[in-house]
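S.K.: Sequence:
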Amino acid sequence: MVNDGRLQQRPPVDKRAARRVRCASSCERALKRRRPKMSDERTFIGVDIGGTKIATGLVRGARVLERISLPTLADRPKEDVLRQVFASVDLILERTGHSLGEIAGIGIVAPGPLDPQTGELLYSPNIPALRDVPIAHLMRERYGRPVRVENDANAAGLAEALFGAGAGYAHVFYVTVSTGIGTGVILGGKIYGGRTGMAVEAGHVTIDYEGPLCNCGHRGCIEAFASGTAIARRAKEKLRHATRPSQLLDLVAGDLNAITPIVVGEAARRGDSLALEIVEETARFLSIWLGGMINVFDPDIIVLGGGVSQWGDLLFPRLRELTPTYSILPRAAEIAIVPARLEADVGILGAAALFATP
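Quick note on the numbering used here: the sequence shown kicks off at 13 and runs consecutively.
If you're looking for bench data, these hints aren't it; they were derived computationally from the structure. Source: prediction; values computed, not measured. From the three backbone atoms N, C-alpha and C, an ideal C-beta is built for every residue, glycine too. Each statement offered as a hint is correct.
Simulated restraints, written as ranges between beta carbons of each label pair:
| id | residue 1 | residue 2 | range |
| --- | --- | --- | --- |
| 1 | Glu-289 | Leu-77 | 44 to 54 Å |
| 2 | Thr-64 | Arg-245 | 16 to 26 Å |
| 3 | Glu-222 | Asn-307 | 19 to 29 Å |
| 4 | Arg-256 | Thr-208 | 44 to 54 Å |
| 5 | Pro-224 | Ser-111 | 43 to 53 Å |
| 6 | Phe-98 | Pro-224 | 38 to 48 Å |
| 7 | Glu-333 | Ser-111 | 46 to 56 Å |
| 8 | Glu-292 | Glu-114 | 44 to 54 Å |
| 9 | Thr-208 | Pro-137 | 12 to 22 Å |
| 10 | Lys-248 | Pro-137 | 16 to 26 Å |
| 11 | Pro-257 | Arg-107 | 44 to 54 Å |
Cut-off 25 Å, straight-line C-alpha distance, at most; resulting in silico cross-link-like pairs (SDA-like, lysine to any residue):
| id | residue 1 | residue 2 |
| --- | --- | --- |
| 12 | Lys-248 | Gly-232 |
| 13 | Lys-248 | Leu-263 |
| 14 | Lys-202 | Gly-303 |
| 15 | Lys-65 | Leu-103 |
| 16 | Lys-248 | Arg-282 |
| 17 | Lys-65 | Pro-140 |
| 18 | Lys-65 | Pro-83 |
Construct the entire structure; sequences and hints are all you get.
M.R.: Below, the structure written as structure tokens:
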């Protein structure tokens, strides 16, 4: 820069400050976009059908007023599983003293492919009996109330967008990293389901075609690299070939089958080198994949839930650092990557939140 004939050095640019300004502007624009809202007046029942338990709650606004949990009986015939679903709804009504006339709708979420338009559960890998089950029809027939059905990760993403870490953003990419990897995408305040309503099974996006075999039958899915199951498997393999002692073994009293992502995180916090290596590998795998998801969806925010999110500051700083390097979008570094807030009730709230969108 020239001033009075003298060459002067241009003051250094604070890149972080500039990025914050751009991010603030982007967030402000996102806030102005239309987002779904839940009425604080109406009361819903949310049913979260999981592989081991059925969590059911009475929901008003962003509050779960009452909740119960019953075993799914996933290894039984579908009639037994459905009886548990009905029993959970009946029990919520009984405990709260609500009549069916006071219930504005019943939302149901479950893992695996399903058809939100027809309300049919097509297949659930963790509940084999629930194949081609017209759950919405059965619930409407029994209770006479409006019923909506959705994939559990999609509904969880909607709940986080409405009530949790994604509140205030129109475009939210939600990830849960637990036994598997589930994803939900909220675009313009609505669940993105693609042509059939079954889109964004992004846990089964391949990042290495020669990688480990995934439960879906394909090789190299991100789930086969970075899910809780994959992390535990990788830890066991490393321990079997380890040439140095590890606190992982101490934490599980030598029982390799007791290793979980939570145990890996605890060992990493204690400075165990093998556990820290696993955390770093997981951060790298997730970042490669998330960079690709940013290229596809360009979200305002990425919300990460599930057991692996409990690694906290062991994981999130690395995700924020690495993920933008795997995206071609020039402002990828502005996209926030944050932990989920609604872990315990996210399924119940997500099921009720299905009534927040047309």
